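Those protein sequences? They're chains A and B, same order as listed.
Take the first sequence: its position 121, counting from 1, is numbered 137 in the numbering used here, and each next residue is one higher.
Take the second sequence: its position 100, counting from 1, is numbered 116 in the numbering used here, and each next residue is one higher.
Hints in this document: simulated from the structure, not taken from any laboratory.
Keep in mind that this is a model prediction, so the values were computed, not measured.
For glycine and all other residues, C-beta sits at the position ideal for the given N, C-alpha and C.
Incorrect hints may have been included.
One side only, chain B facing chain A, incomplete, derived with CB under 7 Å [said to hold, decoys possible]:
hint	residue
1	His44
2	Ala45
3	Tyr78
4	Ser83
5	Arg89
6	Gly113
7	Gln185
8	Ile187
9	Arg216
Simulated crosslink set (DSS-like; lysine-lysine; CA at most 27 Å straight-line) [claimed, not checked]:
hint	chain 1	residue 1	chain 2	residue 2
10	A	Lys92	B	Lys137
11	A	Lys180	B	Lys165
12	A	Lys92	A	Lys30
13	B	Lys92	A	Lys30
14	B	Lys137	A	Lys30
For each label pair, taking beta carbons as the anchor points, the in silico distance ranges come out as [unchecked claim]:
hint	chain 1	residue 1	chain 2	residue 2	range
15	A	Glu75	B	Arg161	43 to 49 Å
16	A	Pro196	B	Asp39	16 to 22 Å
17	A	Ala84	B	Arg161	42 to 48 Å
18	B	Thr24	A	Pro219	43 to 49 Å
19	B	Ala210	A	Tyr226	42 to 48 Å
20	A	Pro222	B	Gln93	54 to 60 Å
21	B	Arg216	A	Asn218	23 to 29 Å
There are 2 protein chains.
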Amino acid sequence: MADRYPPTARTRIKRLPKRAQYDREAVHAVLDAGVICHVGYVIDEQPYVTPTLYWRHGERLYWHGSSASRMLRHLKQGVRACVTVSHFDGFVLARSGFHHSVNYRSVMALGEASLVPEEDKLAVLEDFVERLLPGRWPELRPPTRQEVKATTVLWMDLDEVSAKIRTGQPIDDEEDYALPIWAGVLPVRTTVGAPQPDPRLNPGTPLPAYLRDAGAWPAWLAAAPR
Amino acid sequence: MADRYPPTARTRIKRLPKRAQYDREAVHAVLDAGVICHVGYVIDEQPYVTPTLYWRHGERLYWHGSSASRMLRHLKQGVRACVTVSHFDGFVLARSGFHHSVNYRSVMALGEASLVPEEDKLAVLEDFVERLLPGRWPELRPPTRQEVKATTVLWMDLDEVSAKIRTGQPIDDEEDYALPIWAGVLPVRTTVGAPQPDPRLNPGTPLPAYLRDAGAWPAWLAAAPR
Numbered sequence: 017m018a019d020r021y022p023p024t025a026r027t028r029i030k031r032l033p034k035r036a037q038y039d040r041e042a043v044h045a046v047l048d049a050g051v052i053c054h055v056g057y058v059i060d061e062q063p064y065v066t067p068t069l070y071w072r073h074g075e076r077l078y079w080h081g082s083s084a085s086r087m088l089r090h091l092k093q094g095v096r097a098c099v100t101v102s103h104f105d106g107f108v109l110a111r112s113g114f115h116h117s118v119n120y121r122s123v124m125a126l127g128e129a130s131l132v133p134e135e136d137k138l139a140v141l142e143d144f145v146e147r148l149l150p151g152r153w154p155e156l157r158p159p160t161r162q163e164v165k166a167t168t169v170l171w172m173d174l175d176e177v178s179a180k181i182r183t184g185q186p187i188d189d190e191e192d193y194a195l196p197i198w199a200g201v202l203p204v205r206t207t208v209g210a211p212q213p214d215p216r217l218n219p220g221t222p223l224p225a226y227l228r229d230a231g232a233w234p235a236w237l238a239a240a241p242r
Numbered sequence: 017m018a019d020r021y022p023p024t025a026r027t028r029i030k031r032l033p034k035r036a037q038y039d040r041e042a043v044h045a046v047l048d049a050g051v052i053c054h055v056g057y058v059i060d061e062q063p064y065v066t067p068t069l070y071w072r073h074g075e076r077l078y079w080h081g082s083s084a085s086r087m088l089r090h091l092k093q094g095v096r097a098c099v100t101v102s103h104f105d106g107f108v109l110a111r112s113g114f115h116h117s118v119n120y121r122s123v124m125a126l127g128e129a130s131l132v133p134e135e136d137k138l139a140v141l142e143d144f145v146e147r148l149l150p151g152r153w154p155e156l157r158p159p160t161r162q163e164v165k166a167t168t169v170l171w172m173d174l175d176e177v178s179a180k181i182r183t184g185q186p187i188d189d190e191e192d193y194a195l196p197i198w199a200g201v202l203p204v205r206t207t208v209g210a211p212q213p214d215p216r217l218n219p220g221t222p223l224p225a226y227l228r229d230a231g232a233w234p235a236w237l238a239a240a241p242r
């Protein structure tokens, strides 16, 4: 397998091509740092953008939801989709308004979604939960057949994909560096706070090991390159 | 002006309608808590979703970028667009996989974008900067005519709009509450860190007042309802 996604006319980044990345490793790193994607699809010529959870397994992106969801009912027909994942890492304050920017990591994947067949759904959902919270799946009340049926899972091949990444300080016009204007980066971070137990928790239920170390979470949640 | 956006066939939320909100105030609160939106548009039947900065002024959403941007060149023709803003507020861990969820606040706005005319652009861009960093615009090196020309600003009326919000603890099947399975919320927060000055800062340039109080930032950055 090639170590990069061949850029196409639709994924080749023309604006600021120095920010573009097509390496599998770079694309995977952006995808694996997030949990929410924005799925674009078209119904009756109107584009819609729906935020939803996703996960990656190898060269496939997965997302899921209620079988009654308009988004999923539409996409499972194999129509064209765009899945975008973005992490906002900071404001970049330059000496002129024009050179202000943001630091970010984003991936855009184009393709057609396919339906995970009924017999594979349970294993795919287990994979999803175990990626987020290793050890949680076997603790849960097992899914009923009706619950699995009421859940639709879609996947899309990572095939027509590009990443776009900006890091670092502002790039100002050379003559502006002498101006006494504050310039720099305001870093933005996404973090997970302390677990908030359900007031109806069965008394004596301990906090599971996978929730004890909040410090481990940023590994998969929008951790910006330091 | 009515205090809610009349739901249409395209914005009426059918799945989990109890999470839907059409009140202007609720929609504005979600929009004003964010800085990054995801814009959906269609070129040659392919949907694209592009993350970009946005701001709200009254009943208009604005976004901007390079005049060379494919997204902006396409949308300025008045084609159909979808602007989605979403804040991810936490993981909701239930006693069954099926009832796991996320806490979030999102807005989907449908419409057609229009171009801000050349003569209005400067005032609109000033409004954008001053909303984010009150006091910064007059400190900056003023924009050149060429820079303004190289910037495209679009707006869209808030007209066909819905918000979807989930808060709080999991809702489990009644018989599952007795199970000794940990359930609760893992809150997710987006925060702004300490300013990182550009190493090329003109020595002696003080940190501006609007950057001194990092605690003020969450007011407009994805601050979840507590």
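A quick look at each hint next to the structure:
no.: 1; hint: His44; result: violated, 19 Å
no.: 2; hint: Ala45; result: violated, 17 Å
no.: 3; hint: Tyr78; result: violated, 14 Å
no.: 4; hint: Ser83; result: violated, 10 Å
no.: 5; hint: Arg89; result: violated, 10 Å
no.: 6; hint: Gly113; result: holds, 5 Å
no.: 7; hint: Gln185; result: holds, 5 Å
no.: 8; hint: Ile187; result: violated, 10 Å
no.: 9; hint: Arg216; result: holds, 5 Å
no.: 10; hint: A/Lys92 with B/Lys137; result: violated, 42 Å
no.: 11; hint: A/Lys180 with B/Lys165; result: holds, 25 Å
no.: 12; hint: A/Lys92 with A/Lys30; result: violated, 31 Å
no.: 13; hint: B/Lys92 with A/Lys30; result: holds, 18 Å
no.: 14; hint: B/Lys137 with A/Lys30; result: holds, 24 Å
no.: 15; hint: A/Glu75 with B/Arg161: 43 to 49 Å; result: holds, 48 Å
no.: 16; hint: A/Pro196 with B/Asp39: 16 to 22 Å; result: violated, 45 Å
no.: 17; hint: A/Ala84 with B/Arg161: 42 to 48 Å; result: violated, 53 Å
no.: 18; hint: B/Thr24 with A/Pro219: 43 to 49 Å; result: holds, 48 Å
no.: 19; hint: B/Ala210 with A/Tyr226: 42 to 48 Å; result: violated, 30 Å
no.: 20; hint: A/Pro222 with B/Gln93: 54 to 60 Å; result: holds, 59 Å
no.: 21; hint: B/Arg216 with A/Asn218: 23 to 29 Å; result: violated, 58 Å
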